[in-house]
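Listed here are the chains, written in short residue letters.
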Amino acid sequence: MQRPVFDLGERAGATSRRGFLKGAALAAGALIVPVSMVRQTAATEQPGYEITDWIRIEPNGRTIIGVSQCEVGQGIYTGLSQLVADELEADWASVSVEFVTGRDAYRTAAANEELQQFVGASMSVTQFHQRLRVAGAQAREALIQAAAARLRVRTTQCEARKGRVTHLQTGRSIGYGDLARDAAKLPLNPTPQLKPASERRLIGQNLKRLDTPAKVDGSAIFGIDVRVPAMLFGAVRMAPTQTGKIVAVKNEAEILARPGVKAVVRAPFWPQPAHTTVIVVADSYWIAKQAADALVVEFDDGAAAGLNSRKIMDQRLAALDSDKAVVATSIGDTASILNASGNRVIEARYHTPYLVHATMEPVVATAHVRDGEVEVWGPIQGQDMVRKTLGKYFNIAPDRVIVHTTFLGGSFGRKYVPDFVLHAAVASKAVGRPVKVVRSREEDIRHGYYRPCASARFRAVLD
Amino acid sequence: MQFNLNGRPVDFDGDPQTPLLWVIRDWAQLTGTKYGCGVSICGACTVHVDGEPVRSCVLPIEDVADHAVTTIEGLSKDRSHPVQKAWIEKDVPQCGYCQSGMIMAAAALLQKHPEPTDAQIDEAMTNLCRCATYHRIREAIHAAAGV
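Sequences listed follow chains A and B, in order. With this note's numbering, the residue at position 416 of the first sequence is 430, and numbering never jumps. With this note's numbering, the residue at position 52 of the second sequence is 76, and numbering never jumps.
By construction, these hints were calculated from the structure, which means they are not laboratory data. Be aware that a few hints might be false.
Calculated pairs, DSBU-like style, for lysine-lysine (alpha carbon to alpha carbon, straight line, at most 30 Å) [what the hints assert, rightly or not]:
#, chain 1, residue 1, chain 2, residue 2
1, B, K114, A, K222
2, B, K101, B, K114
3, A, K176, B, K109
4, A, K222, B, K101
5, A, K276, A, K443
6, B, K136, A, K176
7, A, K264, B, K101
8, A, K222, A, K209
9, A, K209, A, K199
Which bits of chain A does chain B cover? Going by a derived footprint, with three or more residues having C-beta under 8 Å, they are [stated by the list, open to error]:
#, segment
10, 82 to 92
11, 231 to 239
12, 374 to 381
All C-beta atoms, glycine included, are put in the ideal place defined by N, C-alpha and C.
Start from the sequences and build out the full structure, keeping to the hints where you can.
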């Protein structure tokens, strides 16, 4: 079983690539995991040596591959690991995976925006294929170099296979675990030799998913499963519209008097600055949820008051017949054919609605706001988006926002938007303790960042 | 308020109206059982009470007094339940969030119908999966029945 939450670069930001990763174990250790996992976590907190931004090897040979792309069910946890492990010539049975963040190596170009760590548009394999193969090959070469030096032979006489380097003439071999310390000190070759396709052992294989075991025994940690010391729970009540704001919480004193309720907090709904959300913070989620349901809040719905699906559809239908419609394709002399008398014009209109993502796991995050630093845990699809948003909100540098990525119970793009992380952070700031804010299903559906709607009109003449 | 959780007697002293789901997750800290809808629709919170599948998100804990609750963590110690083995064999999960509930529902189904037909599977498996792993779930239930 892999420890699914891990943060390679964050707390140990100052640790060099060559360093002995004490920080990594500390960052992971800060997360309290369910009883079933505690034993394994303790057992894995051994020193490891970082060979590249993506690869850490422990003295026992356990090879930890960092995955920067969040696992939402698409299988990237396994897919990207295959790319690294193939070039690394790792022993697949010794591989475990950890989510990593906080370094330039994990950032890619987003359309017209600065480089950032994120998942989108089904691009993870395309974007990381070459980068990860190079990382695997760099580490393999460093391990071979370390072995050759130890055995006092040439690197060209050595071969790496299944987590060991072997001197071919004599058959002497050394496991990666014994080589990691030396390999971590070597400079990386910027242009390592990638393996030819004929020598691929993992790429192209339909391997079992590495995350399946944890997902059949309940031990996989999703955002909603995070628990950190001294944590409180939050439930939200939000203005019905995005343009809304809180006018008054009419029964605040009564809510605060409920047993277990710690605070009633006002928060914005990103990216709007106005306070649209009331968060009840309590000793347990159930207490918080009941209190949030009992809130009597007066909201001002703002500019979007009265907007509904019927009105939006009417606007779209009107736009389709206006000059605002964009011509997507036009084949033939369409104007004259369509207008010619006697031609039979077939017309069809197609609509896709605004659609809530309806992830099985509602949006949820845990945050701990401290002096000059924010730490968050959750099902996060855009790690740098979270850093940027919280950095701006709390007026701290983005790299002072420590991000821990859990498994995501579905996302489909929804969990790129950082509104739910901001809610948790604002709640934590208010009470001075870590808070996990769970969006109820009802509020999750009401306040989705809906998939864009579209309407299209097709006209054709058949003869 | 006493009940049996995964073979151990436990004593919950909070609000007796608290749904079993939140007692399991936040009090007992067994987080394999998931919150999905809170209104008994999606099935992500499915556990067994005296061997019967129930949706724990709407079951007040007081109704569980002196009964035996089994969660995904109690189904087996080592993923050795036939349903878990079949789930691994068929690589059923994608995001995985619904799968604890799916596995608990499937395990209960196989108790009742050791070799279920597709129709029986469809009738018993009313849980939702947003990744749409339904086809592999059906395959895995048939595989588990053959174990």
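Each hint, compared with the structure:
For the hint linking K114/B to K222/A, the alpha-carbon distance of about 9 Å falls within 30 Å, and the restraint holds. Among the hinted pairs, K101/B with K114/B is consistent with the structure: their alpha-carbon atoms are about 20 Å apart, no more than 30 Å. The hinted pair formed by K176/A and K109/B meets the criterion: a straight-line CA distance of about 27 Å does not exceed 30 Å. A threshold of 30 Å between alpha carbons decides the hint, and for K222/A with K101/B the separation of about 21 Å falls inside it, so the pair holds.
For the given pair, K276/A sits about 13 Å from K443/A by alpha-carbon distance, which is consistent with the 30 Å threshold. Under the criterion of a C-alpha separation no larger than 30 Å, the hint pairing K136/B with K176/A is inconsistent with the structure, at around 46 Å. Taken as a hint, the K264/A and K101/B pair is broken in the structure, with Cα atoms around 50 Å apart against an allowance of 30 Å. Distance restraint check for K222/A and K209/A: the Cα-Cα separation of roughly 23 Å lies within the 30 Å cut-off, and the hinted pair is therefore satisfied.
A threshold of 30 Å between alpha carbons decides the hint, and for K209/A with K199/A the separation of about 24 Å falls inside it, so the pair holds. For the segment 82 to 92 of chain A, the stated coverage by chain B holds: 5 residues have a C-beta nearer than 8 Å to a C-beta of that chain, and at least 3 were required. By the rule of at least three residues with a Cβ nearer than 8 Å to a Cβ of chain B, the coverage given for the segment 231 to 239 of chain A holds, with 8 such residues. With a threshold of 8 Å between beta carbons, the proposed coverage of the segment 374 to 381 of chain A by chain B holds, since 3 of its residues qualify and at least three are required.
Of the numbered hints stated above, those contradicted by the structure are hints 6 and 7, listed in ascending order.
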